[in-house]
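Given chain A, work out where chains B, C and D with the ligands should sit, using these hints.
Residue numbers (the working numbering), protein chains in the order written: chain A, 498 to 635; chain B, 498 to 635; chain C, 123 to 232; chain D, 123 to 232.
Source of the hints: derived by calculation from the structure; they are not laboratory data. Mixed in with the good hints, there may be bad ones.
For lysine-lysine, the following DSS-like pairs were computed, each having C-alpha atoms within a straight-line distance of at most 30 Å [to be verified]:
| hint | chain 1 | residue 1 | chain 2 | residue 2 |
| --- | --- | --- | --- | --- |
| 1 | B | Lys522 | A | Lys632 |
| 2 | C | Lys151 | C | Lys214 |
| 3 | D | Lys214 | D | Lys188 |
| 4 | B | Lys565 | A | Lys565 |
| 5 | A | Lys522 | D | Lys207 |
| 6 | D | Lys214 | A | Lys632 |
| 7 | A | Lys522 | B | Lys565 |
| 8 | D | Lys128 | D | Lys160 |
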Amino acid sequence: MHIALELEIPSDVRYIERVVEIVAKQCAQFSYPQHQTSLNIPVALSEALSNAILRGNGDRTNAYVQVKVDVTQDRLILEVLDEGLGFNFEECLQDPREPDNLEREDGRGLFLMTQLMDRIERFSNQGNVVRMTLKRHD
Amino acid sequence: MHIALELEIPSDVRYIERVVEIVAKQCAQFSYPQHQTSLNIPVALSEALSNAILRGNGDRTNAYVQVKVDVTQDRLILEVLDEGLGFNFEECLQDPREPDNLEREDGRGLFLMTQLMDRIERFSNQGNVVRMTLKRHD
Amino acid sequence: MSFAIKKQGEIVVVDVEGQLIVGNRQELKQRVLDELEKGERKFLVDFSQTGYIDSSGLGVLVSLSKKIREQGGELRLANLNDDLKTLFELTKLDTLFQISDTRERALETF
Amino acid sequence: MSFAIKKQGEIVVVDVEGQLIVGNRQELKQRVLDELEKGERKFLVDFSQTGYIDSSGLGVLVSLSKKIREQGGELRLANLNDDLKTLFELTKLDTLFQISDTRERALETF
Ligand SMILES: Nc1ncnc2c1ncn2[C@@H]1O[C@H](COP(=O)(O)OP(=O)(O)O)[C@@H](O)[C@H]1O
Ligand SMILES: Nc1ncnc2c1ncn2[C@@H]1O[C@H](COP(=O)(O)OP(=O)(O)O)[C@@H](O)[C@H]1O
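Just chain A, same shape as in the assembly:
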């Protein structure tokens, strides 16, 4: 069995929780282990969504965010698309564990995505796309 899901939401952080719930439920359908459906997926997806809304679309109030989910028994691929100009992932990624960063309020989003997912790709395709892959870890 194979499920592909596409969602489109207005660029508004209040949609994040609902999208996360829908996606996590979809993965629960494939009985992904609990820590993946309750930690890795929700947190990594929230980060990608809030970056897409606040950083990518930013002040473009009529913009949308698209989420594409592709799940099989073995792996989950999440794509988050915004209408922004994109960014350099490597350059923007910081290590929040460094003493100088530890007490900063921001800058943990991309780091958590890399920690919680097996692979992150960023590319442009009529907008900015962040693609995250998670293998099933039992």
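Leaving out everything else, chains B, C and D with the ligands in the frame of chain A:
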């Protein structure tokens, strides 16, 4: 908000219940009225799926069935694709309420689909497609 | 989805738990026919625990009812929720079956 | 998601119910800062009813902790489930906060 869902299953009736559950839950996300998520959608989708598996794919044991779901606040579109040659919907549709048909074991599937959905279309697109549209009726 | 079959007096009562659909209707059919074979004649299917029923599930009820009648018996139904009532009305099968609101009522009036 | 704030002894206890994420962290921040303004100095955030926390939720905890420390107070945490513990460990924030396994323990040792 807008959700599109695609599923692919082996041609096996044992998958029907799970697919129905996934789709009905997706519609519940949009708070479709209860009689639609517990009657119209499950029954019409089960009929289309079992016809795709048993009539469309039939003995093609390696065949698949694809289900496409497109939901908004206002309407649901369900497409069920099989690898068969297609059929003439009007000709195959019978009225199971006629005295001669009332005690027959089969022949109620297409009829229920037309009764439970607002619109049914059948066409060919690299296989046979049955498309059902349901408007939200509160 | 599963079927619980028990005997109350001389009536065989079948509880359909979950869906009654193409994937499991054969099991219901076989279990009821086994009872018919053993000499049972009065059957009540209780839908209080049932989700949805598809056309092949309806078909099995129709064909069982016919087979039971041919042996001088009867198949009755009880506890249809609103969705199931709609389904029986749409297909006019509400005219073919004796349908009771509660199990008690069905058992009393058999 | 909502926040329940109550006072136990001289400690302000905040229960985070549901998610602590970009959509609601501002509310938590404001409510804790209001208590700080009123003169409160000891704060305990209890996560027993919390789902997930995102980076902006973590960020709010870090910045509240700093502001409270600047006023001579302290912010402690209690009842992190395994997922939340992992989150604090990944970001090394477990080294920044005093974290207790239970609310009682946190209240006793404050
Ligand atoms: N979708 C995006 N579009 C544009 N820039 C982005 C996007 N996602 C992340 N960034 C950039 O990466 C930086 C670091 O992101 P992150 O690690 O999530 O921390 P924070 O968002 O808290 O600054 C952001 O400040 C922003 O400059
Ligand atoms: N996907 C399909 N592919 C080919 N034929 C189909 C398909 N769906 C329905 N049919 C035809 O329509 C007929 C009527 O279908 P239906 O009303 O569901 O009753 P039943 O399946 O019980 O015969 C089927 O017997 C079959 O000939």
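For Lys151(C) and Lys214(C), compute the direct alpha-carbon distance and say whether it is at most 30 Å. holds (21 Å)
Checking one constraint from the list: CA of Lys522(B) to CA of Lys632(A), max 30 Å. Satisfied? Measuring from Cα to Cα gives roughly 25 Å; hence the hint holds.
Does the alpha-carbon distance linking Lys128(D) and Lys160(D) stay inside the 30 Å limit? Holds: Lys128(D) and Lys160(D) sit about 14 Å apart, inside 30 Å.
Is Lys522(A) close enough to Lys207(D), meaning Cα to Cα at most 30 Å? holds (23 Å)
Proposed proximity, Lys565(A) with Lys565(B) (alpha carbon, max 30 Å): The given pair, whose Cα atoms are some 14 Å apart, holds under the 30 Å limit.
Hinted pair, alpha-carbon criterion (30 Å max): Lys214(D), Lys188(D). Please report holds or violated. Holds: Lys214(D) and Lys188(D) sit about 16 Å apart, inside 30 Å.
What's the verdict on Lys214(D) and Lys632(A), does the C-alpha distance respect the 30 Å limit or exceed it? Holds: Lys214(D) and Lys632(A) sit about 24 Å apart, inside 30 Å.
Starting from Lys522(A), check that the Cα of Lys565(B) is at most 30 Å away, please. This hinted pair holds, its Cα atoms lying about 18 Å apart.
Every hint, counting from the list given before, is met by this structure.
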